[in-house]
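Q: Taken in order, these protein sequences are the chains called X and G. Residue numbers for the first sequence follow my numbering, beginning at 1 and rising by one. Residue numbers for the second sequence follow my numbering, beginning at 1 and rising by one.
Everything labelled a hint here was simulated from the structure, so no lab data went into it. Note that beta-carbon positions come from the ideal geometry of N, C-alpha and C, so glycine has one too. Be careful, since some hints might not be right.
As the list claims (entries may be wrong) - The list that follows gives simulated cross-link-like pairs (lysine-lysine, DSS-like), each with its CA atoms no further than 30 Å apart:
id, chain 1, residue 1, chain 2, residue 2
1, X, K219, X, K30
2, G, K137, X, K17
3, G, K195, X, K85
Unchecked claim - In silico negatives: residues of chain X with every beta carbon more than 10 Å from chain G:
id, residue
4, Y7
5, G19
6, L116
7, S146
8, T193
9, N195
10, V224
11, R247
12, E249
Each chain is listed here by its residues.
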Amino acid sequence: MDRTEDYIIEVRDLTVKYGDRAVLEGINFKVRRGETFVILGGSGCGKSTLLRNLVGLMRPYSGQILINGQDFTAMSDERRVEARKRMGMCFQGSALFNSMTLADNVALPLREHTRLNESTIEIMTKIKLELVGLSGYEDFLPAELSGGMKKRAGLARAMAMDPEVIFYDEPSAGLDPIVAAGLDTLIRKMQNTFNLTSVVVTHELASVRLIADVVCMLKSGRIVELGTIAQLEASENPFVRQFFERRPEDEGGQSSEYIHAVTGLE
Amino acid sequence: MQRYLGWLGRITLNALFALGRVCVLIADTFHWLLLAPIRGQGLRVRSTVEHFVEYGVHSLPIVSLICFLVGAIMAMQASYQLARFGATIFIANLVGVAAIREMAPLLTAVLITGRSGSAIAAEIGTMKVSEEIDALKVMGLNPTKFLVVPKFLGMLLAVPCLTILSTFIMIAGGYCLTTGVLGIDSERYIEQTSKALVMKDLVTGLTKSVFFAIVICLVGVYRGFQVEGGAEGVGRQTTSSVVTSLFLIIVVDLVFTTIFYFA
Numbered sequence: 001m002d003r004t005e006d007y008i009i010e011v012r013d014l015t016v017k018y019g020d021r022a023v024l025e026g027i028n029f030k031v032r033r034g035e036t037f038v039i040l041g042g043s044g045c046g047k048s049t050l051l052r053n054l055v056g057l058m059r060p061y062s063g064q065i066l067i068n069g070q071d072f073t074a075m076s077d078e079r080r081v082e083a084r085k086r087m088g089m090c091f092q093g094s095a096l097f098n099s100m101t102l103a104d105n106v107a108l109p110l111r112e113h114t115r116l117n118e119s120t121i122e123i124m125t126k127i128k129l130e131l132v133g134l135s136g137y138e139d140f141l142p143a144e145l146s147g148g149m150k151k152r153a154g155l156a157r158a159m160a161m162d163p164e165v166i167f168y169d170e171p172s173a174g175l176d177p178i179v180a181a182g183l184d185t186l187i188r189k190m191q192n193t194f195n196l197t198s199v200v201v202t203h204e205l206a207s208v209r210l211i212a213d214v215v216c217m218l219k220s221g222r223i224v225e226l227g228t229i230a231q232l233e234a235s236e237n238p239f240v241r242q243f244f245e246r247r248p249e250d251e252g253g254q255s256s257e258y259i260h261a262v263t264g265l266e
Numbered sequence: 001m002q003r004y005l006g007w008l009g010r011i012t013l014n015a016l017f018a019l020g021r022v023c024v025l026i027a028d029t030f031h032w033l034l035l036a037p038i039r040g041q042g043l044r045v046r047s048t049v050e051h052f053v054e055y056g057v058h059s060l061p062i063v064s065l066i067c068f069l070v071g072a073i074m075a076m077q078a079s080y081q082l083a084r085f086g087a088t089i090f091i092a093n094l095v096g097v098a099a100i101r102e103m104a105p106l107l108t109a110v111l112i113t114g115r116s117g118s119a120i121a122a123e124i125g126t127m128k129v130s131e132e133i134d135a136l137k138v139m140g141l142n143p144t145k146f147l148v149v150p151k152f153l154g155m156l157l158a159v160p161c162l163t164i165l166s167t168f169i170m171i172a173g174g175y176c177l178t179t180g181v182l183g184i185d186s187e188r189y190i191e192q193t194s195k196a197l198v199m200k201d202l203v204t205g206l207t208k209s210v211f212f213a214i215v216i217c218l219v220g221v222y223r224g225f226q227v228e229g230g231a232e233g234v235g236r237q238t239t240s241s242v243v244t245s246l247f248l249i250i251v252v253d254l255v256f257t258t259i260f261y262f263a
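Input sequences plus hints: build the corresponding full structure.
A: Structure below.
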C-alpha cells in the first residue's frame, strides 16, 4: 500500500543553515499525491525557509528533496526548469507582475513555456481566471485589485501550466476571515477538482482545520508532530497543546532572565 | 591595531565578494545575451525594443534640450577667452571637438544614469521586495534572460544612438549662439567645424558611449538585485546606483580618453 509512486514529495534529512546557524535540522516527511499537506508553526520556526527549499529558491546544506522520485536539489538547470513547469506557487504577497494585466500575468508561463497560439492562450487564461472567480478582470492591473483578489489571481497564475502540486505561502495572511475562508474553500476545490497536491505553509489554525489532510508542526527548525489534524489535537506534546489552545508564552519564572538581559547582572 | 586589521580584512572580504557577484552578473548576462540565443533558448526581442524606446526615444527631449544649452554655454565660455585674441572663429573647433569627444557622450550618459539607471535599480529592487523575482524563478523563467538582457541590449543600442544625436545638437547649440549672438558668418562656422573634426573623434565618442551604456545598465541591475528589506532598501540602492554609476562613468571616461590620447 505504501508504494513510492504514491508520494509526490519526499524530504530526507533536510538541514538548512544560515551561516553557522541551523534553521532547519533533520527534516523528514512525505507528501502523498492528492493530499493537502500543511506546514504549521509559529513565527520564525523555519516554515518559510522549508518552503523556499521545496521550490528550489534556496539550496539546503544537506539532505534531499525528491519530487516525483527525482532529487530536486541535485538537478541540472534544464531539468529543474522542466520540473518547475509541473509545480505552481502562491506567494504571500501574491507576487503578481505589477506592470502586466491579470490576463498577461496568467498567460506568461504559457507564452514562455509552450508553443500554443495566442487565441488558445487567451481561452486558457479566461478559464483559469474563471476558476478562481475573477472572470471579467482580465484587463485589470494588480494595483487595482484588493488583497484577496490578488491572492486569487496569484493562484490562477500558479494553475496556468496545470501543475501537479501547488505551494502556498501563508495564503490567508493579511485577509479578513471571510475572504480567508473563501480562499481556503478555493484551495479545497482545486484539490478535489484536479486531484492537486497542495503544500500549505500557515500559522492560521482556523484554516488548518478546514484544509489539512496531514499537518506537520515545526518548532525551532525541527518537526515536533506529524499527523492528521485529529492526531495533533490529541497530541500530548506541550508545544502542540499550547499552540492549539492559543496560550501565550509562559511569563512566570522569566523575571530573573529579564533582569539579566536588561542589566547584565546575575 | 587589531581592530584596524579586522576592519581592513572585513572591507577586503566584502569588496572581493562584491567583485565576485559582479563577475557572476556579467558572465550570466553575456551567457543569456550571446550563447543562449545561439543554442535556441531565445532572446526577448519585443521587450528589448520596448526598453530601447523607453531609454532612447523617451529621453530624447530632455537630452536634446540639455545638450543644446550646453553647446551654447560652451560657445560663450570659449568666446570669453578666444575673443581676446580675435580668434572667435575657433569656437567652432573647440565646441566641435569637445562635444564629439567628450561632452556629448558624457552628458548623455549622466542624463541616462539619472533617468534610466536609477529606474532599472528601482524596478528590479521593487520586484525583489515583492517576491516577483522569486515568482519568475519558480515559474522556471530565468531573471537574467527575462529582465536583465532586454534592458542591457536596449541600453546598449540607445546610448550610442543618443550620443550621435546629442553630438549634433550640441554642435548646433554652439552654432546658434555663435552665429546668432556673436555674429560669426554661418558658412564659415560650418566649414571651420567640418575641418576640425576627424573620424577618430567620432570613434572616441562612440566607444565611450558603448562602455557608458554597459556601466549604467549593469550598475542598475546589480544594485537592484542587492536590495534587501522593503521600500527603504529600494531607496538606498537606487541612490547608490546613481552614485556608483556616475563614478564609474568618470573612471571609464578617463581610461578611454587616456587610451585615445596616446593611441
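Q: Would the non-interface assignment of X/V224 survive a Cβ cutoff of 10 Å against chain G?
A: 28 Å, holds
Q: X/R247: least C-beta distance to chain G exceeds 10 Å?
A: Given a closest Cβ separation of 32 Å, the condition holds.
Q: Since X/G19 was said not to touch the interface, does its Cβ keep a gap of more than 10 Å from each Cβ of chain G?
A: The claim stands: X/G19 keeps its Cβ more than 10 Å from every Cβ of chain G (closest is about 14 Å).
Q: Is X/K219 within 30 Å of X/K30, Cα to Cα?
A: 18 Å, holds
Q: Is it the case that X/L116 keeps its Cβ farther than 10 Å from each residue Cβ in chain G?
A: The assertion about X/L116 holds, with a minimum of 16 Å to chain G.
Q: Does X/K17 sit within 30 Å of G/K137, going by the straight-line distance between their CA atoms?
A: Roughly 21 Å between the alpha carbons, so the hint for G/K137 and X/K17 holds.
Q: Does the claim that X/Y7 lies off the interface hold, with its Cβ farther than 10 Å from every Cβ of chain G?
A: For X/Y7, whose nearest Cβ neighbour in chain G is about 21 Å away, the distance exceeds 10 Å, so it holds.
Q: Beyond 10 Å on every Cβ pair: is that true for X/N195 relative to chain G?
A: 21 Å, holds
Q: Can we trust that X/S146 is non-interface, i.e. its beta-carbon lies farther than 10 Å from all of chain G?
A: Holds, since 16 Å exceeds 10 Å.
Q: Is the claim that X/E249 lies outside the interface with chain G correct, judged by CB distances over 10 Å?
A: 27 Å, holds
Q: Can we confirm that no CB of chain G comes within 10 Å of the CB of X/T193?
A: At roughly 22 Å from the nearest Cβ of chain G, X/T193 sits farther out than 10 Å, so the non-interface label holds.
Q: With the threshold set at 30 Å, check whether the alpha-carbon distance from G/K195 to X/K85 stays at or below it.
A: This hinted pair is violated, its Cα atoms lying about 62 Å apart.
In the structure shown, a violation is registered for the earlier hint numbered 3 alone.
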